[in-house]
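Enquirer: Those protein sequences? They're chains A and B, same order as listed. First residue of the first sequence? That's 40 in my numbering, and the numbers climb one at a time after it. First residue of the second sequence? That's 250 in my numbering, and the numbers climb one at a time after it.
Derived from the structure by calculation, the hints contain no laboratory data. Don't take each hint at face value.
Stated by the list, open to error - Distance ranges between label pairs, derived from CB positions:
1. A:Asn-332 / B:Ser-308: 14 to 22 angstroms
2. A:Ser-62 / B:Ser-359: 27 to 35 angstroms
3. B:Ile-297 / A:Asp-240: 40 to 48 angstroms
4. B:Phe-273 / A:Asn-332: 21 to 29 angstroms
5. A:Thr-352 / B:Ile-294: 24 to 32 angstroms
6. B:Met-250 / A:Ser-196: 39 to 47 angstroms
7. B:Ile-297 / A:Leu-284: 42 to 50 angstroms
8. B:Leu-314 / A:Thr-352: 21 to 29 angstroms
9. B:Met-250 / A:Gly-330: 18 to 26 angstroms
10. B:Ile-286 / A:Leu-284: 53 to 61 angstroms
11. A:Asn-332 / B:Phe-325: 24 to 32 angstroms
12. B:Phe-325 / A:Phe-348: 14 to 22 angstroms
13. A:Asn-332 / B:Ile-294: 20 to 28 angstroms
14. A:Gly-198 / B:Met-330: 57 to 65 angstroms
In this text, a Cβ means the ideal position worked out from N, Cα and C, and glycines have one as well.
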Amino acid sequence: MKWISDEKLNRLRTIVNEPDFSSTKYTFVKELGRGGMGTVYLAEDRELNRLVAVKVLNTPDITDDLRRRMIREAQIIAGLEHPGIVPVHDVGTLPDNRIFYAMKFVRGLRLDEYAAQGASLRDRLRKFQAVCDTVAFAHAHGVIHRDLKPQNIMIGSFGEVLVLDWGVAKIRSEFHQSISKDPSQSVAHQTMDGTVIGTRDYMSPEQARGEIDQIDERADVYSLGAVLNFLLDDKATNTAKAICLKAMAHERESRYATAAELSADIGRLLDAEPVLAYRENAFEKVSRWVGKNRFLVLLILAYLLMRIFLIFTSRH
Amino acid sequence: MSKPLIGVILGAVLGAVDGLTSWFTPEVRNELGSIVIGSTIKGIIAGIAIGFFARKFNSLPIGILFGSIVGALLAFPIALMQGKYYFQIILPGTLVGLIVGFATQKYGTSAATAN
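Model the full structure from these sequences, guided by the hints.
Expert: See below:
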């Protein structure tokens with residue numbers, strides 16, 4: 040009997056796991072990541088000579104529901120044309136009957152990796168605001184992400200912010216027609232009540248209880264608050280912490296009503312303006328004003344010092 | 250707030266403060282009222298000039314430079330009339346102009362442009 044070396048065995052394993060792109064215009068390059076529903080591969084688009092990310096459904100034994108979900112995800116992303124959402128280029132079926140869709144390959148870091156690299160709090164807040172704006176755009180188009188977390192947010196090599204993984208997104212009923220014209224392909228409430236969707240540390244209480252009907256934009260606001268909490272460090276001011284607490288309020292009525300409202304408060308925080316989430320005392324108001332107008336305060340101080348100097352010298 | 254308005258308000262306030270500090274110079278203390286009025290008017294004139302300049306030229310360094318020059322130029326004749334205290338009059342005047350120049354560029358809103 041002839042033994043196969045570990046190296047050869049690993050190679051065989053890799054080949055077996057590789058998706059069969061033979062009927063498509065893509066060439067397999069490598070695996071990028073594996074999720075619950077699908078695996079994302081790096082592939083080369085031979086026609087356009089560019090790299091793309093291809094998401095392939097994990098199993099060929101798919102139910103109609105799973106197939107619908109995958110197509111629906113592609114449709115959701117394709118319907119949301121925004122710089123913060125990765126564009127979908129193509130959708131199709133592999134020879135083994137697995138559904139795939141190709142999208143732009145984003146070079147960069149995940150938000151958690153970006154934060155670990157020591158980005159300043161101000162930079163992290165700016166990126167976070169861009170995430171809020173992207174989510175607000177999706178909400179305006181009736182799409183609720185339901186799985187916002189640092190691992191689903193990418194910072195591109197030019198600083199662009201992209202929200203990924205819309206696989207468990209919910210489309211509000213009044214909007215689902217715009218996602219797909221075919222009613223059999225588009226189901227607004229695909230998830231049964233009682234099903235828990237999302238990531239434990241980032242999901243809202245109503246999501247954790249599986250109350251699907253209760254999930255609206257404020258569930259994403261809660262997740263955004265959890266992402267903000269992840270980004271804040273010891274240097275975070277009381278104001279930043281208050282924004283985080285308001286976004287993560289247990290009762291959804293107490294949260295920001297929309298991601299746009301949360302984004303606006305982050306903008307005010309960055310501009311040293313008073314925020315909705317926090318009532319400042321007089322000392323904090325003065326410190327904020329001084330912090331914002333540091334140069335003017337320094338000029339006036341310089342003027343007063345000069346005045347004192349002139350008074351002192353004129354007396355001697 | 251418009252740039253000229255910021256210039257006028259800040260020029261008047263700083264001009265008045267500038268004039269009030271002459272109280273610490275005993276030789277001119279009996280002329281305090283006229284010094285404060287003159288200094289306030291000088292501040293307002295400087296504020297108007299710097300404010301309108303800021304409306305035409307949207308640049309922080311140029312605004313600061315222009316403010317300093319206007320402050321110094323307006324203070325110079327007063328020092329000349331006094332015949333002394335050149336340093337004590339021109340230096341604060343220049344600094345007031347500098348502050349007004351900075352504030353008008355930094356905090357003033359530009360006039361809306363017609364389409």
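Enquirer: Kindly indicate which numbered hints from before are broken by the structure, ordering the numbers from low to high.
Expert: 2 and 3
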